[in-house]
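Q: With the hints as extra help, turn the sequences into a complete structure.
Chains as they are written, first to last, in the UniProt record's numbering: chain X, 1 to 207; chain D, 1 to 200.
Derived by calculation from the structure, the hints in this document are not laboratory data.
One should not assume that every hint holds.
Unchecked claim - Using 27 Å as the maximum straight-line C-alpha spacing, the simulated DSS-like pairs for lysine-lysine come out as follows:
1. K121(X) with K37(X)
2. K200(D) with K130(X)
3. K38(D) with K74(X)
4. K200(D) with K197(X)
5. K109(D) with K74(X)
6. K89(X) with K146(D)
7. K156(X) with K116(X)
8. K38(D) with K130(X)
9. K89(X) with K67(X)
10. K138(X) with K146(D)
11. K152(D) with K138(X)
12. K130(X) with K67(X)
13. K200(D) with K74(X)
14. K109(D) with K200(D)
15. K152(D) with K89(X)
As the list claims (entries may be wrong) - Pulled from the structure, derived: some chain D residues nowhere near chain X, Cβ distances all over 10 Å:
16. L40
17. V165
18. L176
19. L184
Computed from a prediction, not measured in an experiment: that's the story for all the values here.
Even glycine gets a Cβ: it sits at the ideal position worked out from N, Cα and C.
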Amino acid sequence: VEVQPGVTMRFRFCGDLDCPDWVLAEISTLAKISSVKMKLLCVQVMKELLGDGIDYEKIAKLTADAKFETSDIKATIAVLNFVLASAGKYGVDGESLSSELQQLGLPKEHATALCKSYEEKQTALQDRLKESSLRLNKLDSVSWRVDYTLSSSELKEVNEPVVHLKINVRNVDTGDVEPMVVSVTANKFRVLLAELKQAQTLMNALN
Amino acid sequence: MVQISRHLEEEITVCLMNHFCGSVIGEFCRIAVEFLKKGLNPKIFEGAARKLSVSTETVQHGIEGLMYLLTESSKMMISEVDFQDSVLVLGFPEDLNKLLLQLYLDNRKEIRSILNELAPDFPHYHNLEWRLDVQLASRALRQQIKPLLTLKLHLEQNGRRNANVLQTDPATLLHLIRKLEQALGEMKTNHCRRIVRNIK
Numbered sequence: 001v002e003v004q005p006g007v008t009m010r011f012r013f014c015g016d017l018d019c020p021d022w023v024l025a026e027i028s029t030l031a032k033i034s035s036v037k038m039k040l041l042c043v044q045v046m047k048e049l050l051g052d053g054i055d056y057e058k059i060a061k062l063t064a065d066a067k068f069e070t071s072d073i074k075a076t077i078a079v080l081n082f083v084l085a086s087a088g089k090y091g092v093d094g095e096s097l098s099s100e101l102q103q104l105g106l107p108k109e110h111a112t113a114l115c116k117s118y119e120e121k122q123t124a125l126q127d128r129l130k131e132s133s134l135r136l137n138k139l140d141s142v143s144w145r146v147d148y149t150l151s152s153s154e155l156k157e158v159n160e161p162v163v164h165l166k167i168n169v170r171n172v173d174t175g176d177v178e179p180m181v182v183s184v185t186a187n188k189f190r191v192l193l194a195e196l197k198q199a200q201t202l203m204n205a206l207n
Numbered sequence: 001m002v003q004i005s006r007h008l009e010e011e012i013t014v015c016l017m018n019h020f021c022g023s024v025i026g027e028f029c030r031i032a033v034e035f036l037k038k039g040l041n042p043k044i045f046e047g048a049a050r051k052l053s054v055s056t057e058t059v060q061h062g063i064e065g066l067m068y069l070l071t072e073s074s075k076m077m078i079s080e081v082d083f084q085d086s087v088l089v090l091g092f093p094e095d096l097n098k099l100l101l102q103l104y105l106d107n108r109k110e111i112r113s114i115l116n117e118l119a120p121d122f123p124h125y126h127n128l129e130w131r132l133d134v135q136l137a138s139r140a141l142r143q144q145i146k147p148l149l150t151l152k153l154h155l156e157q158n159g160r161r162n163a164n165v166l167q168t169d170p171a172t173l174l175h176l177i178r179k180l181e182q183a184l185g186e187m188k189t190n191h192c193r194r195i196v197r198n199i200k
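A: Quick look at the structure:
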């Protein structure tokens, strides 16, 4: 199937939308390097997507032959990044991805190499994407202490147990752990525990 | 025309004319442009002053004078003719005038983009994360089905980032989208088109 000008084609790896113009343009840049080199570039980009960092020197070496300018190198990384991340996002399988990329003009060898790279790491990629989905601040840890209050400035004989809870919250933006300290009386604590157990039952039912 | 203040005129003239030959002034021009792009480096004044056997102040005034000439000219985007007229006032030799003009023309685009960044900054869009959830139960009520969209809008101002967490239901979200599309659609009205045409 050829891409006709003026006809909008829907691509699964773009979320059933049109392929962005810039991606279309950069696919022709990808064809300029050998499919072997492209596979090695994919490996680097995939490393970055999985959070292992990217080795720019390796990339510079791989693209040196094709006489890529800095802007070409950036464009190549950007398009590989988009294709791999987007395919992962929409859960596209390797074969469909390969076929869609070939429809966009990527040579068969290159498409096959790219999709092999994608398939190898598809599960890991999707796990990583799930992890980095929007989360509000996370519970890091909880520590507690039970005290027995003997006496206070208000009342001579108190004789009551009290729970001190320290809830450590991890701020998703800064990565810092912020402690939150609460004291809970026995009765209140019983209510808290009962409610949390009910929530846990509901969660288990869904898992 | 760039109104070069009397004081500045004296500084530039004194420093450049009386002390230095063309190649030194050329070097000063290069340093002035470097400073505009990367910021002042006072050590360069001292180094140059020592090499030329003049006071640090002389070198400093000369270079700062050049920087001022370039920023004011770039700021107002004056034409070649106006620039030449302004510089003529200083009574420099013809080849120095040519050098200054070339310096202005070569660098004004970049200087203007640097000046552009000095305007006050409002919080602007950096990133938007979202998540679609379904609320099934709360402490007060079980057996619910309530779709919720959680948004985290990342904004940036003066290099500092902050994030706003918002939550909405699908109806409000659709309303929001409609309003934003209407705002974008304004650009296509005749009124806006007329104005945009005139600005270009």
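Q: State for each hint whether it applies.
A: Here's how the hints hold up against the structure:
no.	hint	result
1	K121(X) with K37(X)	holds (18 Å)
2	K200(D) with K130(X)	violated (46 Å)
3	K38(D) with K74(X)	holds (25 Å)
4	K200(D) with K197(X)	violated (66 Å)
5	K109(D) with K74(X)	holds (24 Å)
6	K89(X) with K146(D)	holds (24 Å)
7	K156(X) with K116(X)	violated (75 Å)
8	K38(D) with K130(X)	violated (42 Å)
9	K89(X) with K67(X)	violated (32 Å)
10	K138(X) with K146(D)	holds (23 Å)
11	K152(D) with K138(X)	holds (15 Å)
12	K130(X) with K67(X)	violated (37 Å)
13	K200(D) with K74(X)	violated (31 Å)
14	K109(D) with K200(D)	holds (18 Å)
15	K152(D) with K89(X)	holds (19 Å)
16	L40	holds (29 Å)
17	V165	violated (6 Å)
18	L176	holds (17 Å)
19	L184	holds (18 Å)
Checked against the numbered hints listed earlier, the structure breaks hints 2, 4, 7, 8, 9, 12, 13 and 17; every other hint is satisfied.
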